[in-house]
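Peer 1: Chains as they are written, first to last, in the working numbering: chain A, 1 to 125; chain B, 1 to 173.
Note that these hints are calculated values from the structure, not bench results. Wrong hints could be hidden among the right ones.
[Said to hold, decoys possible] So, partial list: chain A residues that the calculated Cβ filter (under 8 Å) puts toward chain B:
1) GLY3
2) THR9
3) TRP13
4) PHE18
5) SER37
6) VAL41
7) ILE44
8) ASN48
9) ASN57
10) ILE62
11) HIS63
12) ASP82
13) VAL107
14) THR109
Nothing here was measured: the structure is a model prediction, and the numbers come from that model. Cβ atoms here follow ideal geometry from the backbone N, Cα and C, with glycine treated the same way.
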Amino acid sequence: MSGKTLIKTLTYWDVALFLFLLTGSVTALIYVSAGVSKGAVVKIEVNNKLLYRYPLNEDRRIHLEFMDIEVKGGRVAVIDADCPNKLCVKQGFIDRGAIICLPNRTVITVEENGKDKRGVVDATT
Amino acid sequence: MQQRDKLTLAMLSAFAVAITGFERFIPTPVPWLRFGLANIIILITLILYGFKAAFTVSLIRVIGGSIMTGTFLGPAFVLSLNGSVLSVLSMGALFRIMPKIFSPIGLSLIGALFHNLGQILSAYFLFIQNFRAILVITPIILLLGTLTGAANGIVTAVALERLKKSRDNVHNT
């Protein structure tokens with residue numbers, strides 16, 4: 001099939017849908033990444049419970065029974081985990097945003113000092 | 001269902017499972033980015049053999065694929081199942097109600113969108129109730145889903161065109 005027949009297959013709604021999804025997700029991406037700035041605190045949650053909360057500027061290693069986490073040079077990474085596909089390890093070091101490990105129900109988030117911009121209630125306060 | 005149709009479904013399912021298995025070996029820049037190439041097979045099944053057939057192939061793909069990759073009944077399986085069911089339902093509904101509005105490319109975009117929404121929602125409600133973490137990854141997933149969905153749709157359109165041609169040839173000779 002040549003490009004010409006491909007264009008014939010396309011409907012206006014296809015193009016409209018594509019543009020809508022593209023602009024929508026790009027806008028959301030810009031909006032969210034503007035809200036996610038470089039953090040100062042790392043929070044480790046397992047099973048939706050806050051386990052640890054450390055400043056990001058102190059290097060340390062955190063050993064959980066299923067995962068090793070390293071804080072180094074203002075960034076945090078999962079360096080080893082016992083899950084099958086190790087997506088969390090592949091994500092590497094982050095200084096903002098979050099690392100999510102689904103099999104172990106673990107979320108590592110980097111946040112600004114104390115206050116969360118999006119107004120999520122802090123478990124420790 | 002005729003014997004021949006059963007064989008066709010079995011073959012399509014085998015394609016879908018095989019594609020799911022091989023897809024894991026394609027290196028991607030973002031670790032959790034998946035191309036969803038099996039959706040090409042699901043879409044072709046939907047358009048040529050109808051919703052029931054597509055639903056069947058999709059279920060076989062999820063179960064077969066998860067057994068192959070060793071995630072059967074794990075969290076990844078639950079997400080994959082919810083995403084796939086939602087995806088095939090949305091594409092099937094759209095194809096039945098308004099078959100002329102979208103080409104396979106539009107259907108593929110809708111399928112990718114609902115697959116991702118199903119996964120994100122079930123990740124949030126079943127596993128991780130961290131709104132902030134989910135919020136951070138959602139736009140990236142939807143953006144990548146739109147791009148891969150469009151690419152899969154184009155491949156599907158090309159494949160359907162070729163299939164039609166070869167069918168015509170068979171009928172003419």
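Peer 1: Determine for every hint whether it applies to the structure shown.
Peer 2: Hint by hint, here is what the structure shows:
Contact between GLY3(A) and chain B, as hinted, is not supported at the beta carbon level, the nearest pair being about 10 Å apart and thus beyond 8 Å. Among the interface hints, the one on THR9(A) holds; its C-beta lies about 5 Å from the nearest C-beta in chain B, closer than the 8 Å criterion. Interface hint at TRP13(A): satisfied, since its Cβ lies 5 Å from the closest Cβ of chain B, which is below the 8 Å cut-off. For the restraint placing PHE18(A) at the interface with chain B, the shortest Cβ-Cβ distance is roughly 6 Å, inside the 8 Å limit, so the hint holds.
With a cut of 8 Å, the hint placing SER37(A) at the interface with chain B is violated, because the nearest CB-to-CB distance is about 12 Å. Taking 8 Å as the C-beta cut-off, the interface hint given for VAL41(A) is violated, the closest approach to chain B being about 13 Å. Here the hint on ILE44(A) is broken, as its CB sits about 11 Å from the closest CB of chain B, past 8 Å. Hint on ASN48(A) holds. Least Cβ distance to chain B is approximately 5 Å, under the 8 Å limit.
With 8 Å as the threshold, the beta carbon of ASN57(A) stays out of range of chain B, its nearest partner Cβ sitting at about 21 Å, so the hint is violated. Given hint, ILE62(A) at the interface with chain B, is violated; its Cβ is 18 Å from that chain's nearest Cβ, farther than 8 Å. Taken as an interface hint, HIS63(A) does not check out: its beta carbon lies about 21 Å from the nearest beta carbon of chain B, beyond 8 Å. The beta carbon of ASP82(A) comes no nearer than 13 Å to any beta carbon in chain B, farther than 8 Å, and the hint placing it at the interface is violated.
With 8 Å as the threshold, the beta carbon of VAL107(A) comes within range of chain B, its nearest partner Cβ sitting at about 5 Å, so the hint holds. With a least beta-carbon distance of about 6 Å to chain B, the hint placing THR109(A) at the interface is held under the 8 Å criterion.
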